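*Asks:* The lines below spell out each chain.
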Amino acid sequence: MYSNEVIKQEKKPLWRFGTKEVVYAAIGAALYAVITWAFNIWQIPGAGNVGIRPAVVIPMFFGIAFGPIVGFITGFVGNILADLLSGYGFWLWWDLGNGIMGLIPGLFSVLITDFKGGRSILLAEISVVLGVLVGMGVAAISEMWVSGADMNTVIFANFLPAFITNVLWGLVLLPLLMVAYSAIVTQSGR
Amino acid sequence: MLVAWNYRYRNSLIDRIDPRARFIFSFAVLLAATSTWNPLLLAIIFLFSILWYASAKLSWQDTKRGWLMISILLFTMIVVNTIITGGGAGGVVPEGGQLVWPEGFNLFGRHMTFGLTVERLWFAVAQLMRILSISLVFIMIPYTMDSRAYGVTFRKLGLPDRLAYTMELSFRFIPTLARNFQVTLDAQRARGFELDSAKGGVLNKIRRIAPLIIPVTMNAIVSSEDIANAMDLRGFGQQKRTWLYELKFHWWDYAVIGLAVLLLGTVLYLAYGHGMRLFEVPPWWYGLFN
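From first to last, the protein sequence lines are chains D and C. Per our numbering, residue 36 is the first one in the first sequence, and the count goes up by one each step. Per our numbering, residue 266 is the first one in the second sequence, and the count goes up by one each step.
Since the hints were derived computationally from the structure, they do not count as laboratory data. It is possible that some hints are incorrect.
To give a feel for the contact side, a few chain C residues facing chain D, derived at Cβ under 10 Å [said to hold, decoys possible]: (1) N271; (2) R273; (3) L450; (4) A452; (5) M483; (6) D497.
Because the structure is a prediction, the values reported are computed rather than measured. Beta carbons: idealized from backbone N, C-alpha and C, even for Gly.
Extracted from the complex, chain C is given alone in its bound form (with noise of 0.2 Å):
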């Protein structure tokens, strides 16, 4: 089984920026998006979002199961859960309101009644902003960050160094650990294991991948003995750590940061300070409704 990082340089705008600067861009657009229902600042947002996006090159065949993912959480939230039922709209959206088919419509040659309101609808576009806006900033992280970064980028971040040291070091183990995964799995078929069979109810299913995932996880325990006692012997946790991968901050990144701060700073100001927090529906909006 081969384990392949999504990553590969694509010579983009992205590329250039330093990691740290990229994940307080990200978690900047998550706080602004998060802090206000107002359109306009969603739209701001949802805008600094696109283009970010649209600075890493990301072609659709890249990011096509990520986008899968999000539409199934879009489609519930918004289509069953704001539109249809109008659930997900409570406690943002007060009660009552215009309906969008006041008489009704036709549909089959039946008449039909929807209760689906005009502030509903406005509602289902902010959620759509707000969703995308964070949806794009983080969903093209794993496709533009070398994996050999995180560990390095974190540690930067302000985490503890053990704690940067393990993320960087379960990276490492992955290829392994995928590799012990296949060779158990062939392994056990070999033996006559039915992992696939149709057989037994829930219960007995999930009790089949026990034979898979028992081998490979006291497997990979025995081997972590060893790996710590060659740490201890190199006299790991001894000084602070030097990282291969260095980390160095551009004139463009400190743009990025100020940027970041601007955006996340103005829309806290507008939405706390201004009266721009609350979920409002803008006066044109009805009139495409009467």
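The shape of chain D in the complex, shown without the other chains (with noise of 0.2 Å):
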């Protein structure tokens, strides 16, 4: 009886969009915009020359924590916000990638249970490799539709740079933050 309601309330309703996730996604959003912004404008040396997007991490872990509305929030709004931040303009279909990117990882946060647990990291990092080349592709073949650019171009001009810098960022940096949340959800009972 009791391992049954204990088991009821660690189940998370995959799209509740209540008060908190409206925080939790502006938070994200934000902390997306910030981080993009930060190592795109201001240049934190000798990180430049490793990748470009440390900050595609946050929207997969916004969505691996708080469900996928949050990390398609967090990376639709965030590249929004990023965007507007540097002057670069305004990109729908790139921040529709960048939300996919988000919003996949999210599709997998009721299978996560446990955060520093070694199956949930490997789900996890499962839906990070599924959510880029999903968002990524979708970004990148709606070049086709934008610019008139072929598959070749796509693929190698648009697709692969992008998949590969945000599969890494990914991969590297999302076990980083579960381990560090599971500290704070086992200190707040979250």
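The two chains are supplied separately, each in an independent frame; assemble them into the complex guided by the hints.
*Replies:* Right under this line is the structure:
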């Protein structure tokens, strides 16, 4: 009886978007924008030659921790804000791609039970690869419609550079964020 | 670290147009430009975009960063893929065609051959008009729209209340999070943390970012709990939201929306109803290479 109650409490409603989710999504989007902007504009020396967007881990992590809607908004709105801050304009199809990078890990959030468990981390890593694959795929393929680019251009000029760097950032940084978050979960009983 | 939005009031024509009307016009240009490869239609859309951009009174100093990014995109897509390799024209420009230099040309004393066709060159012009039309209307948005207007604009355009409020809230969090980011960076550096060290491979360099990103993220999550509680106590989401920043349509906003509908409708009608959707080369273009 007791264990059933515990399981019930731990089960996360996947598509909930209450007050907490509104705040998490807003914080996530702002965080994504600030970190992207800091690495873009302010240019932290030494880090610039590794890749361009370590912040891509933010929508992935917010998706894993708080569900697909929060993950999607973090990526979608965060990318809009980052572009607005950097003065790059408004590119809906890339915003959508970034949103999907948070949405797909968010779909895996129901399977994550222990943020520092090996199985959960493995599932999160799979979600990173899938999220970046679909997200950057959608954004890159949309360039065929917008700019009239052919498949080769889309793959080699748009998709691959974004896919490789984003997957790399996600695979390395996401487990570290998950382990750090597990300490907060334990401490505060979230 | 100071976050500065790029918007400032410039007393321009665009400043007087309602943000909703501006978004509707921008999306109409996007849809119109992507529905055709016809040079005449693309030239008309391009002209509208130039006039739209000019009405914002933006200086080069304001927008040069965005244009730099677009220049890289244009160089890759047009110069490298369409003109040099020809890959970018695949699927739109038919195979074969008239060579620009059928006999080849001499460069630094050596005879060279280059398979650039007149059709591919015209496709590059069409591609340039299409990408620039879209870029012109979208690049100006951060410089011409007050950051306070985004939430209410998207709400009035039909986005759910909570989603629009999330957007509004995220704008307000940015200065605080930027300050936290700077404080964390300074604190980590004071502890001897070497973010800028060139030592180690790629993975080490990526991992080196973690002591910066993790505290900022965890701190933000912990503080968000208090914000959510405060919002709940004030009954967030119980009633329809009102917005501090009010939007009001004027007759000229309706005129802009009408113009957007007219532009999109005409382009769609000509593209799909009169066969002006596909790529074609005007006869005078061939004349330039004979």
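*Asks:* Each hint: holds or not?
*Replies:* Cross-check of the supplied hints:
1. N271: With a minimum Cβ separation of about 5 Å from chain D (threshold 10 Å), the hint on C/N271 holds.
2. R273: Violated: closest Cβ of chain D sits about 12 Å from C/R273, beyond 10 Å.
3. L450: At about 8 Å, which falls below the 10 Å cut-off, the nearest Cβ of chain D leaves the hint on C/L450 intact, so it holds.
4. A452: It is violated, given that the least Cβ distance between C/A452 and chain D is near 15 Å, above 10 Å.
5. M483: holds (6 Å)
6. D497: holds (5 Å)
Checked against the numbered hints above, the structure breaks hints 2 and 4 and satisfies the rest.
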